[in-house]
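Using the sequences and the hints, build the whole thing.
Protein chains: 6
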Amino acid sequence: MIYITRRETFSSAHRLYNPTFSDEENERIYDKCNNPNWHGHNYVLEVTVCGYPDPNTGYLIDLKELKKIIRTHIISKVDHKNLNLDVEFLKGIIPTVENLAVAFWKELEDKFTNCKLYRIKLYETENNVVEYYGEKIDLHKFV
Amino acid sequence: MIYITRRETFSSAHRLYNPTFSDEENERIYDKCNNPNWHGHNYVLEVTVCGYPDPNTGYLIDLKELKKIIRTHIISKVDHKNLNLDVEFLKGIIPTVENLAVAFWKELEDKFTNCKLYRIKLYETENNVVEYYGEKIDLHKFV
Amino acid sequence: MIYITRRETFSSAHRLYNPTFSDEENERIYDKCNNPNWHGHNYVLEVTVCGYPDPNTGYLIDLKELKKIIRTHIISKVDHKNLNLDVEFLKGIIPTVENLAVAFWKELEDKFTNCKLYRIKLYETENNVVEYYGEKIDLHKFV
Amino acid sequence: MIYITRRETFSSAHRLYNPTFSDEENERIYDKCNNPNWHGHNYVLEVTVCGYPDPNTGYLIDLKELKKIIRTHIISKVDHKNLNLDVEFLKGIIPTVENLAVAFWKELEDKFTNCKLYRIKLYETENNVVEYYGEKIDLHKFV
Amino acid sequence: MIYITRRETFSSAHRLYNPTFSDEENERIYDKCNNPNWHGHNYVLEVTVCGYPDPNTGYLIDLKELKKIIRTHIISKVDHKNLNLDVEFLKGIIPTVENLAVAFWKELEDKFTNCKLYRIKLYETENNVVEYYGEKIDLHKFV
Amino acid sequence: MIYITRRETFSSAHRLYNPTFSDEENERIYDKCNNPNWHGHNYVLEVTVCGYPDPNTGYLIDLKELKKIIRTHIISKVDHKNLNLDVEFLKGIIPTVENLAVAFWKELEDKFTNCKLYRIKLYETENNVVEYYGEKIDLHKFV
Chain R
0 MIYITRRETF
10 SSAHRLYNPT
20 FSDEENERIY
30 DKCNNPNWHG
40 HNYVLEVTVC
50 GYPDPNTGYL
60 IDLKELKKII
70 RTHIISKVDH
80 KNLNLDVEFL
90 KGIIPTVENL
100 AVAFWKELED
110 KFTNCKLYRI
120 KLYETENNVV
130 EYYGEKIDLH
140 KFV
Chain C
0 MIYITRRETF
10 SSAHRLYNPT
20 FSDEENERIY
30 DKCNNPNWHG
40 HNYVLEVTVC
50 GYPDPNTGYL
60 IDLKELKKII
70 RTHIISKVDH
80 KNLNLDVEFL
90 KGIIPTVENL
100 AVAFWKELED
110 KFTNCKLYRI
120 KLYETENNVV
130 EYYGEKIDLH
140 KFV
Chain Y
0 MIYITRRETF
10 SSAHRLYNPT
20 FSDEENERIY
30 DKCNNPNWHG
40 HNYVLEVTVC
50 GYPDPNTGYL
60 IDLKELKKII
70 RTHIISKVDH
80 KNLNLDVEFL
90 KGIIPTVENL
100 AVAFWKELED
110 KFTNCKLYRI
120 KLYETENNVV
130 EYYGEKIDLH
140 KFV
Chain P
0 MIYITRRETF
10 SSAHRLYNPT
20 FSDEENERIY
30 DKCNNPNWHG
40 HNYVLEVTVC
50 GYPDPNTGYL
60 IDLKELKKII
70 RTHIISKVDH
80 KNLNLDVEFL
90 KGIIPTVENL
100 AVAFWKELED
110 KFTNCKLYRI
120 KLYETENNVV
130 EYYGEKIDLH
140 KFV
Chain B
0 MIYITRRETF
10 SSAHRLYNPT
20 FSDEENERIY
30 DKCNNPNWHG
40 HNYVLEVTVC
50 GYPDPNTGYL
60 IDLKELKKII
70 RTHIISKVDH
80 KNLNLDVEFL
90 KGIIPTVENL
100 AVAFWKELED
110 KFTNCKLYRI
120 KLYETENNVV
130 EYYGEKIDLH
140 KFV
Chain A
0 MIYITRRETF
10 SSAHRLYNPT
20 FSDEENERIY
30 DKCNNPNWHG
40 HNYVLEVTVC
50 GYPDPNTGYL
60 IDLKELKKII
70 RTHIISKVDH
80 KNLNLDVEFL
90 KGIIPTVENL
100 AVAFWKELED
110 KFTNCKLYRI
120 KLYETENNVV
130 EYYGEKIDLH
140 KFV
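Protein chains in written order, with numbering that gives the first Met the number 0: chain R, 0 to 142; chain C, 0 to 142; chain Y, 0 to 142; chain P, 0 to 142; chain B, 0 to 142; chain A, 0 to 142.
No lab work stands behind these hints: they were computed from the structure. One or more of the hints may lead you astray.
Same chains, same label: a pair holds when it works inside one copy or across any pair of copies.
[Unchecked claim] Result set (BS3-like, lysine-lysine): computed pairs, CA atoms no more than 27 Å apart in a straight line:
(1) LYS66 - LYS120
(2) LYS31 - LYS67
(3) LYS135 - LYS31
(4) LYS76 - LYS63
(5) LYS90 - LYS31
(6) LYS120 - LYS67
(7) LYS31 - LYS76
Take a look at the structure:
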């Protein structure tokens with residue numbers, strides 16, 4: 000088993016708040032991340048797939064193909080976007096880094112043929128990062 | 000002459016557009032940075048001051064003091080904020096990375112006593128960075 | 000299951016030696032790390048916790064809370080300190096990067112309520128790093 | 000169980016092609032990596048070993064020893080070399096990053112006494128990286 | 000005056016040798032960089048231009064435009080290429096990192112209209128880097 | 000004119016204090032850096048030399064030679080050492096990052112023949128860095 004990872008980046012605005020909470024609750028829980036005028040990040044996304052390399056090519060997956068899949072299904076939809084307002088597959092989801100990782104997994108998991116998705120790693124800042132390995136988590140939608 | 004630099008980070012939302020341009024012009028010039036729903040970045044700010052170290056302390060400036068000045072006058076005002084809407088000293092200024100560097104210089108230049116501000120270096124992404132050394136540039140305000 | 004990591008840094012002095020070894024043994028085993036006048040490092044500590052995000056907040060743990068726990072129980076006790084002399088919970092422990100990781104685990108493991116400690120990752124330099132997942136290791140104390 | 004990692008770097012030329020494929024197939028599959036005049040990379044190799052630290056030294060393995068093993072068996076053989084032409088243990092192997100990781104594992108796995116090889120992590124660029132944990136993979140040799 | 004920098008990367012093979020030197024001289028001077036089977040690097044290229052931002056746009060240069068110029072005139076010609084054999088503008092030039100920086104300057108200096116080229120910074124490895132500001136240097140061609 | 004830089008690292012202990020100050024003054028001025036039991040850092044040293052490349056070799060200076068000069072005259076004397084106690088050329092000097100940069104300049108400035116020392120850049124942490132270009136500064140010695 001080989002694990003191969005591609006690193007991509009995107010820049011987005013977001014706001015953390017739950018529409019079923021009061022303003023005071025949102026303020027208390029999300030603090031400065033609850034700014035109604037938004038804030039944003041340069042996210043770093045690392046997508047890992049695993050499997051056995053084709054003995055004739057030595058490739059588990061062509062890294063250009065892995066890059067294309069990530070850019071088509073994730074980056075093109077979230078880069079220079081508002082994660083609360085602009086992204087169909089995130090509608091109603093509180094865009095914490097935890098929830099984003101789960102949502103990205105759902106978008107990517109059925110996109111690979113000779114290997115399978117192993118890990119989503121998502122950096123919100125250089126000091127904060129989440130890893131998700133696909134164990135079932137239901138994302139609650141607040142709409 | 001010694002040059003000493005302190006690195007700080009902040010995360011903000013912004014949008015590039017000029018209210019005196021048509022929507023088509025804004026779209027053509029700023030492209031995906033013109034998203035009306037905003038996008039955002041993890042900015043990295045490096046502030047350099049220069050001067051002669053005090054021979055008795057070996058300090059040009061106490062780095063804790065340099066950090067405090069940057070946090071008080073810049074970071075606390077821009078971190079987790081919308082650079083178009085939330086920041087008094089940026090009101091009416093198009094928040095390109097060029098303009099931000101000039102605006103930060105203006106906020107910081109008179110804040111040092113035994114050394115002087117030498118350079119503002121501002122990373123918008125890991126690939127895009129601006130340096131400004133204080134040569135006079137007037138920021139146009141569009142309000 | 001989601002894994003969330005917070006990165007913190009600290010700067011400390013230390014010396015590697017075992018008081019039950021002869022000077023020659025300490026010299027042979029620890030080489031330049033055995034300098035009786037000490038040396039030091041900028042350590043990078045990454046603490047990972049795991050669990051299920053609260054569906055109502057999208058948070059596994061508030062990263063400000065994770066940061067506070069690490070700073071209270073580790074960073075405030077080791078930063079700008081001598082790891083052999085100044086730190087109560089390291090007394091008598093040879094401060095190799097392996098032992099430090101185990102000792103930090105012991106300080107942190109009972110500090111989380113809705114998630115649990117998963118990994119301590121500790122960089123001594125940019126080229127040397129240890130990971131520890133909590134499998135029982137007894138630290139020998141030489142006092 | 001403790002996991003300790005040493006990071007080393009090397010710079011090499013290589014070309015991806017399978018001599019049993021037609022030129023058209025090699026071109027289609029390996030694209031710009033198939034340049035007959037070669038290209039090259041600064042590889043970053045991270046070797047992780049695991050085991051229990053010696054309670055008397057606090058060392059799982061002396062990092063100078065780990066460094067020496069990696070340099071003797073890998074770096075000295077691949078650094079400033081052509082991975083297709085110059086390296087005995089890579090003869091006939093297509094030098095994809097996947098195959099290199101497996102080949103490095105085979106060179107290193109029997110070199111440790113009080114700990115065992117746990118992971119080979121190999122960066123071909125800052126965006127592309129492979130991890131291998133030693134699960135049996137036969138490398139096909141095309142000679 | 001504002002200085003704006005764009006970072007790009009490329010991966011190439013090369014060999015250092017002077018065809019007018021004896022084999023012994025090439026070996027003595029260039030050592031392992033003289034490997035006749037080539038070696039290679041992941042180069043990091045930082046191109047800095049300077050000038051005054053347009054007050055109406057806040058742009059010195061659109062960073063997408065800067066990126067396009069670098070990719071068209073440099074990256075597309077050197078990435079996944081052999082710097083001794085494949086690059087028209089490097090023919091006969093010994094591809095040391097010093098000479099590459101000067102050659103890249105010559106390719107780029109007349110490509111900017113509202114700003115001017117200020118600096119070429121080229122990393123051959125994470126530890127070795129050259130900066131060039133355009134002061135006249137004639138590159139000797141050995142053909 | 001070409002500028003070429005070599006990056007090296009070292010790990011040392013130090014303490015900031017002036018023996019002519021009272022304990023209270025040392026405490027007030029140097030705060031946690033005044034810990035009598037020392038603390039330490041992984042320093043990153045970047046040495047830049049400048050000049051004109053030899054047209055026959057394309058080298059300003061062989062980077063192996065630059066590395067050797069830095070290691071012989073600086074790294075071997077400060078790595079895994081106590082900067083207050085163990086280093087002849089630092090005796091009596093308060094080891095602030097400013098003073099270290101000046102002291103390193105003095106050690107290196109006469110060591111180059113076909114190029115000259117241009118800049119010492121010294122990182123004490125990832126956030127704090129000093130640059131020195133050799134303008135005359137007398138280091139006060141407190142012995």
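Against the structure, the hints come out as follows:
no.: 1; hint: LYS66 - LYS120; in the structure: both (15 Å within a copy, 19 Å between copies)
no.: 2; hint: LYS31 - LYS67; in the structure: between (35 Å within a copy, 16 Å between copies)
no.: 3; hint: LYS135 - LYS31; in the structure: neither (30 Å within a copy, 34 Å between copies)
no.: 4; hint: LYS76 - LYS63; in the structure: both (19 Å within a copy, 19 Å between copies)
no.: 5; hint: LYS90 - LYS31; in the structure: both (22 Å within a copy, 20 Å between copies)
no.: 6; hint: LYS120 - LYS67; in the structure: both (18 Å within a copy, 23 Å between copies)
no.: 7; hint: LYS31 - LYS76; in the structure: both (25 Å within a copy, 12 Å between copies)
In summary, the structure is inconsistent with hint 3 from the numbered list given earlier, while agreeing with all the others.
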